[in-house]
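Given the sequences, and given the hints that come with them, work out the whole structure.
Heads up: the sequence shown begins at 1 in full-length UniProt numbering, then just goes up one per residue.
It is possible that part of the hints are untrue.
[Claimed, not checked] Here are the simulated lysine-lysine pairs, DSS-like style, with alpha carbons at most 25 Å apart: (1) Lys148 / Lys81; (2) Lys81 / Lys212; (3) Lys75 / Lys212; (4) Lys40 / Lys81; (5) Lys141 / Lys180; (6) Lys180 / Lys75.
[Stated by the list, open to error] Derived Cβ-Cβ restraints for the label pairs, each shown as a range: (7) Asn177 / Glu129: 19 to 25 Å; (8) Asn50 / Ile112: 21 to 27 Å; (9) His39 / Phe103: 35 to 41 Å; (10) Arg213 / Val80: 19 to 25 Å; (11) Gly178 / Glu129: 18 to 24 Å.
Bear in mind the hints are in silico, worked out from the structure with no lab data behind them.
Given the structure is predicted, the values throughout are model-derived calculations rather than measurements.
C-beta atoms are modelled at their ideal positions from N, C-alpha and C, and glycine is treated no differently.
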Amino acid sequence: MTAAHCIVVALQCRHAPYGQLFSYSDVRGYDMAVRVADHKYTQRGRPAYNVRVQGIIMHPFFGGTSGGFDIALLKLGREVKRSSLTEYACLPEPEFTLPVGYFCYLAGWGFIPNPPYAPLAVHSETLMELRIPIISADLCKTRNLFIKEQQDVCTHGAHGMACNCDSGGGLHCFTENGSKWVLYGVLYHGNPACYGGFNVFTLTAPNVDWIKRVMNANT
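Printed below as a string of structure tokens:
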């Protein structure tokens, strides 16, 4: 799972349909791959490995005038198995919510903020992690008027901001009863300065029925 706008960027102005499975290699002429079990991407060889993306489907409502639905699914060419370096996060139930103040985690190889405010022109070589709290929709709207309360969730940037190229990363939350990791959201917006403000995620719970339909139709 990733953000639909990341797919649009990767297509580089080539057209691909929303809501329909398509082949990235057919559109762009070369393959897309998912990197698995990696921590420092400049180091080559095992245990990290690539898995070819066989197909992509962006949410059918993405790109509409009302905004939102910034989510896409990747169909992999083979199964990714659990290991000491690779673990699954569960999909939430459609009505699953977490309270304001609950801490979750985001990871990525995006740019590292270079105080004051300007990002470096290079990505982090090592996978970075943020522990960030959920905030209310009302607070988030003070900076991001476009958010949709039933579709989006925000986290506070005072505890750490995502930066350029972190988009599409998952907001992973350990459930309140401590039983499992849940993929609570997908990052699609932050402060372009990578400092202050709020991180905005597309909620997965309202899209679970669509996700399951797509998975069942393309197994």
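Hints, one by one, checked against the model:
no.: 1; hint: Lys148 / Lys81; verdict: 35 Å, violated
no.: 2; hint: Lys81 / Lys212; verdict: 20 Å, holds
no.: 3; hint: Lys75 / Lys212; verdict: 13 Å, holds
no.: 4; hint: Lys40 / Lys81; verdict: 20 Å, holds
no.: 5; hint: Lys141 / Lys180; verdict: 30 Å, violated
no.: 6; hint: Lys180 / Lys75; verdict: 23 Å, holds
no.: 7; hint: Asn177 / Glu129: 19 to 25 Å; verdict: 23 Å, holds
no.: 8; hint: Asn50 / Ile112: 21 to 27 Å; verdict: 24 Å, holds
no.: 9; hint: His39 / Phe103: 35 to 41 Å; verdict: 22 Å, violated
no.: 10; hint: Arg213 / Val80: 19 to 25 Å; verdict: 21 Å, holds
no.: 11; hint: Gly178 / Glu129: 18 to 24 Å; verdict: 19 Å, holds
When the structure is compared with the earlier hints, violations turn up for hints 1, 5 and 9 and for no others.
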